[in-house]
Amino acid sequence: MALRTVVYNVTRNPELSSGGALVHAPIIPVQGEAREVHEDIAGEHMLINIGPQHPATHGVLRLVLELDGETVVRCIPHIGYLHSSFEKLGEYRDWNQIVPLTDRMDYLAPLIYNCAYAMAVEKMMGIEVTERCKVVRVMCMELDRIFSHLLWLGTTGIDLGAFTVFLYTFQQREKIYDLHEKLTGARITTSSTRIGGMMADLPAGWVEDLSQFLDGFIPVLDEVDTLLTNNAIWIGRTQDVGGISGADAINWGLSGPNLRASGVSYDVRKDRPYYDYETYDFDVPVGEHGDIYDRYLCRMEEMRQSVRILRQAIDRLPGGPINVDDPRVILPPKTAAMNDMESMIHHFKLVMEGVRAPVGESWFSVESSKGELGMYVVSDGGSKPVRWRVRGPSFINIAALPHMIEGALLSDVIAVNASLDIVLGEIDR
Amino acid sequence: MSNDGFKKGLDSLDQGPAPSDAPEDGAPPPAGDLPPHPSVDALRAEFGAGVLRHELVAGDEHIVYIPPQRAAEILGWLRDQQGYDFLQDLTAIDYGGGRMIQVVYQLWSIERKLNLRVKCELPLDALEIDTVYFLWRAADWLEREVYDMFGVVFRGHPDLRRILMPYNYAEGHPLRKDFPLRGRFSRAEQTRRALSMKTEDHYSPQELEMAHALGQTMPDPFSPADQAEQGQFGGMGGGG
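Protein chains in written order, with the working numbering: chain C, 1 to 429; chain U, 1 to 240.
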């Protein structure tokens, strides 16, 4: 009878990673224990269904797995349980009314989505926002990158059994929620941008609050780092699990930390800089092995880099108006609308018809916390879009999940799924 | 007057959005002399008539129109010879009014740091184009989404089925301009269909085939009894 050897890698050698490179982890290496298993035990396959309402699917993802013992033979993901047809709804709304739809997609980083959408429409209309608005939007986007990575860190910790991390990260997220609330009046559904500027300028004291948050945040990040980075269980569950090569990652269209963990240094902020990102001093962390551990390291370092960018943004925040002086898109001040005929007409037309974009289109992308977030807007000259399309990074990242987990163990499915940092609101749209 | 506008708005919910007033091809007029794009010049040199039009929009975004019959060939050449290794996006646009549906490929070259947008126009009575699944795996779900939302069939795609809408969705393709916002069926009919879904409706044909081969019955993902049977895989509320 055919025999095959199964090595139980519970006590794997942590000093050697998949590529043979030395990983400095202070753990005593223990030899793996080999057992022999009869081939025919593995003959019976089983089909199981994870989700759509399973806490480790981070929403309503559903995976149908064909298992051979504990090994995944095939994985078929099902999505669409949260489908709200945002893109169709957008065709019935004027350009500014779409902003609230954008933050309902990625409710873990709503400001990035608000900004990306407004930037795409502004690019199509040829509007250059004010210097102050640029810096404020950079602040918003970097703050929400931290916001989203913290949720990823906490929930991934829970998925892999490290509950403490969750408490640390959610305490910090609560502070960012407060910053959101002060800035926009809402904690999750921020809807803060408008075509040509922001809903409102920064409230008094907000920059000081942000600065205070950053001072308290780095020590907490260091503590989490101590809890996880050299943790034997964490390393055992993440190193060499769910790996994907750089070439494969490009071919599957992965982006963001998932792509960079595989050694491809593609970051929209560096490669197609917007809002003067080329003048900020920051590094883009790039991994080597493409496994869960490298994705974790990339995100940890990205949070530190975001703090760097935020500090520079606070230093350079210029004065001046937050909104462009363009009657096509921005309401005139109330006093002008009451006293000046022309301003009143602009006010009336903007309120009654909304912003009118000229014929054209633009595909514009920013580096979101989860990857490359593309916004494609097409206008026929009216006040509503012909097409508003979102290239959601999670949608494309999760498509590669079967490729990463086929051949892995069932328990790794949860780990790999968590490591991709998906948000179902944006996958299902 | 405002009442008329309101009524018109309500009607449009049932009739679908009004067709676009844009020019016949739905594209903006080209802006005089276009700045050169290295890949467009190379495309012209290689394929000649394969480049139908070249446009520049939003300041620096180049669009190339190519015939849909040669789409896979030209896109494959762009990937292999011009280094467009990253498929950023694949989507479609319907301008309504019986105009052609545009399939849009947004390409990026990581090496050369270059963008190029490629468009193919498909007439409504022949919504078929070759798949690019074998060039970029990223196209797998993106093509399924375009099929689901616009009804464009990608020839050669190994697993072309609906992705966001249910597998047995019978009302058509939602992002088409002739699709009303509230759907084609009445509310009563939509509710009846939602309630009468069977277990088999939640699974793809491939999975049903696998279950049949394994001699297994399929658990209903929405039945509390079946979820309890699955132990930890059911019964709890949705996570983050």
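Careful, some of the hints might be misleading.
If you anchor each label on the Cβ, the simulated ranges turn out as follows [said to hold, decoys possible]:
id, chain 1, residue 1, chain 2, residue 2, range
1, U, Gln206, C, Asp271, 44 to 54 Å
2, C, Leu331, U, Gly172, 33 to 43 Å
3, U, Glu111, C, Asp215, 34 to 44 Å
4, U, Tyr169, C, Val220, 44 to 54 Å
5, C, Gly126, U, Leu114, 19 to 29 Å
6, C, Gly320, U, Tyr169, 30 to 40 Å
7, C, Ile345, U, Ala42, 44 to 54 Å
8, C, Gly185, U, Asp159, 40 to 50 Å
9, C, Asp276, U, Arg53, 47 to 57 Å
10, U, Phe185, C, Lys334, 40 to 50 Å
11, C, Asp271, U, Pro67, 53 to 63 Å
12, C, Gly205, U, Phe134, 26 to 36 Å
13, U, Tyr169, C, Asp271, 30 to 40 Å
It is worth saying that the hints were derived from the structure and are not from the lab.
Glycine is no exception: its CB is placed at the ideal position from the N, C-alpha and C atoms.
Distance restraint evaluation - Gly185(C), Asp159(U), Cβ atoms, bounds 40 to 50 Å: 45 Å, holds
field: Consistency of beta-carbon spacing, Lys334(C) to Phe185(U), with hint 40 to 50 Å
entry: 47 Å, holds
- prompt: How does the Cβ-Cβ distance of Tyr169(U) and Asp271(C) compare with 30 to 40 Å: does it lie in that range?
  reply: With Cβ atoms ~39 Å apart, the hint holds.
task: Given the range 44 to 54 Å, decide if the beta-carbon distance of Tyr169(U) to Val220(C) lies inside it.
output: 46 Å, holds
Pairwise beta carbon distance, Asp276(C) to Arg53(U), judged against the given window 47 to 57 Å: 34 Å, violated
- prompt: Do Gly126(C) and Leu114(U) keep their Cβ atoms within the hinted range of 19 to 29 Å?
  reply: Once the Cβ atoms are compared, 22 Å apart, the range 19 to 29 Å for Leu114(U) and Gly126(C) holds.
- request: Using the beta carbons of Gly205(C) and Phe134(U), state whether their distance is inside 26 to 36 Å or not.
  value: 56 Å, violated
Gly320(C) paired with Tyr169(U), Cβ distance criterion 30 to 40 Å: Given a distance of about 51 Å, which is not inside 30 to 40 Å, the answer is violated.
message: The hint says 53 to 63 Å between Asp271(C) and Pro67(U); measuring C-beta to C-beta, is that right?
response: 31 Å, violated
message: Given the hint of 33 to 43 Å, is the C-beta distance from Leu331(C) to Gly172(U) inside that range or not?
response: The hinted range 33 to 43 Å holds for Leu331(C) and Gly172(U), with Cβ atoms some 39 Å apart.
- request: With respect to the beta-carbon atoms only, verify the hint that Glu111(U) and Asp215(C) lie 34 to 44 Å apart.
  value: 40 Å, holds
Supplied distance hint 44 to 54 Å, evaluated on CB atoms of Gln206(U) and Asp271(C): 38 Å, violated
Hint check: violations occur at hints 1, 6, 9, 11, 12; the rest are consistent with the structure.
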